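Here the protein sequences line up with chains E and C, keeping their order.
Every letter in the first sequence is one number past the one before it in the working numbering, and letter 72, counting from 1, is 72.
Every letter in the second sequence is one number past the one before it in the working numbering, and letter 255, counting from 1, is 255.
These are computed hints drawn from the structure, not numbers from a lab.
Computed from a predicted model, the values in this text were never measured in an experiment.
All the given hints hold, so there is nothing to weed out.
Chain C is faced by these chain E residues, among others (derived, beta-carbon under 8 angstroms): (1) Leu61; (2) Leu71; (3) Ala260; (4) Leu265; (5) Tyr372; (6) Asp375; (7) Ile402; (8) Cys409.
Virtual Cβ for every residue (Gly too), placed ideally from N, Cα, C.
Protein chains: 2
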Amino acid sequence: MSILIKHVQLFDRTTDIYIEKGRFRRIAGKIDIVADTVIDGRPFAILPAFYNMHTHAAMSLMRAYADDIELFSWLNDHIWPLEKNLSEEDVYHGSRLAILEMIKSGTVYFNDMYWYPLGTARAAEEMGIRADIAPVIIDPDGTSGEVEKCNTGVFSHEKEFSPRVRFVLGPHSIYTDSGNALKSCIELARDLGKRVQIHISETASEVENCIKKHGMRPVEYLDSMDFWGPDVLAVHAVHINDRERGILRDNDVIIAHCPASNMKLCSGNFQYAEAVNAGILLTLGTDGASSNNNLSILEEMKLAALWAKSLSGDPTTAPAEEVFGMATRNGAKWAQLDAGEIREGMLADCLLVRRHHHTLTPSDHILSNMVYSADNECIDTVICGGNILMRDRKVKDEDEIIRESEKACRRLLKK
Amino acid sequence: MSILIKHVQLFDRTTDIYIEKGRFRRIAGKIDIVADTVIDGRPFAILPAFYNMHTHAAMSLMRAYADDIELFSWLNDHIWPLEKNLSEEDVYHGSRLAILEMIKSGTVYFNDMYWYPLGTARAAEEMGIRADIAPVIIDPDGTSGEVEKCNTGVFSHEKEFSPRVRFVLGPHSIYTDSGNALKSCIELARDLGKRVQIHISETASEVENCIKKHGMRPVEYLDSMDFWGPDVLAVHAVHINDRERGILRDNDVIIAHCPASNMKLCSGNFQYAEAVNAGILLTLGTDGASSNNNLSILEEMKLAALWAKSLSGDPTTAPAEEVFGMATRNGAKWAQLDAGEIREGMLADCLLVRRHHHTLTPSDHILSNMVYSADNECIDTVICGGNILMRDRKVKDEDEIIRESEKACRRLLKK
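Isolated chain E (complex conformation):
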């Protein structure tokens, strides 16, 4: 499929853009070529699409389920009992709802960690979004064989999906996985050339318990088993000190910062300025809908920028351009995708936003407007790898997706 976008605004110029075989093939003042789809780009500006670097997509089924209650009770009395009743079909329907939300807010990629990953993979495959999906590995004794089960189980299905949908390793955390399980994970990942995501230093008690048990802080503990590398995504990393930042930087580890979740669950203050100053690459994640409660990277950009400024006391912290980069090219980098910018040869992951939308008026500073002012409605069109996932704000089957996910939620609550 090929797309020709005529007269679209690309930052300070107007240009034609030709997309073919999933990539930006040509960007030039005037392109005359026959394309399968021609889009009149005059009402639009073109921007890179968003990368959501941490979520639990199917948890959209549990949106607003048990909000505003104490963390321990939230998990023990509400989320975990409900999750015990999940089926792959529930995960499929919850993931479809999540992917719908993500497309509607300009996201073309998500990095997932959850139960029944094949349900999520099926939803991603059908809906045209990119996904890296990790089966959750929880193995406190290191005896469950969970890691090997990933290899022989879920990973063996990867070939059934297009290259857009991939499986990665997802050891849940240092407090739910034994040292042996963590070592097996990282060994398997490096054997297979797969990437790894792990929740790390999300709460103060995680750090305290790690020091008690291992005599080290969490980032140091994983460092002692050569866990860290550019293939690992450190999710949250709220409670890390200068030495730990040094370890992450020296190993080219990328962080997935999830401001809404950290604030809503009172996990602690993510030290944005310190991480950037240490030279660590940051990306953005929404976390799951039950701790956010939506999956909008647009909203997450604003939260990240505002919270970082407020914590540093310096309004020059987290400027719009930097935050926009976190939400786009930095995510693509961890995903090892040649994407995140509108450049010839790169993967055609992009948004057409409505230039004359009220939230983007006045129109001089489009990145500032996207980070601080835009709402989802200004995003007209979402293109992922040259495929149109949304146009004129319409996504395929959206009414049916909403209806079926509502039904799945009813079934789950009744189980």
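Once you have looked at the hints, place chain C on chain E.
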């Protein structure tokens, strides 16, 4: 004009609602009556509309103008020089853009403080929104006669507007107005039965300078001139201690909390839990677009809830129902309007939201969904005092408003 809404969801029931002469006249299972407009309410839930308790509407013209820079330079080198060139016509066009944004995000009332208040009043009058508008009073020597000028100037025009559009007093702050000016303000307000809004304790330096100059903290200083009362809105109130909270509570002062602005400008941490625990009524404001950068109370609710939780370390702080009340009935209370709830006899200020929108799915917890998950797009219809300001997300003249405000911005930047 009368409106009959059939089969709409009002929390846990389905009902008919009849609106006439600006008020909810009847709410009942089945109403058979001839109305000017009949709305099929089946796709919708009805909710109170939002009250934006602090903004500088016309500053939407300066959206994204000089973001991410140091506060002193932001004001001195950018905002103030630009404001010197403003005309009433600019303020009119900027206010129209602001009101468009507010309607699109479900707001039916705004409390404004800015230059050329007649420009803002004209925009509010035309667009059907409610407004309390304060001419800015800056009178550092107490000799400018600014207060009296309000009375003989702007206030004398009030009768030209419908009761929806009112003028109030807006002494800018304790550091830009002398003690005499502040005293004149409060005396005039009480003579005229008008309400007063003032920026108070927004930054730490304001407090330090007040202590140096007056030997008291800002709230105490105003208390020494019997300034406080339920007719006064304390805007920001970031840096207040327990004694000051006691003064505000004992005088039934309502606070306008502006989380996005406080975070973006690094003003300090608003002590939400402390204010609520002290028994102070809180409302929400967006502040102006150049320190936010939009005017969405929907977004402000989420920010307020997340920031309050994060600062208190307690996820039960700022529950959704409480925050929704801040954005609706608490604002109406300060505005002395019989509004903020869907009840027979009350002013018909309400929203019809799309029940089956993806951000509101699953649909069990509508207030949680509105606070934590909703985007503007789920708001279909906005009704203010029985007049429909938006239906199917369309507002009268929106393309023209956007075009004219963009032009006004160009003219202003060239001046």
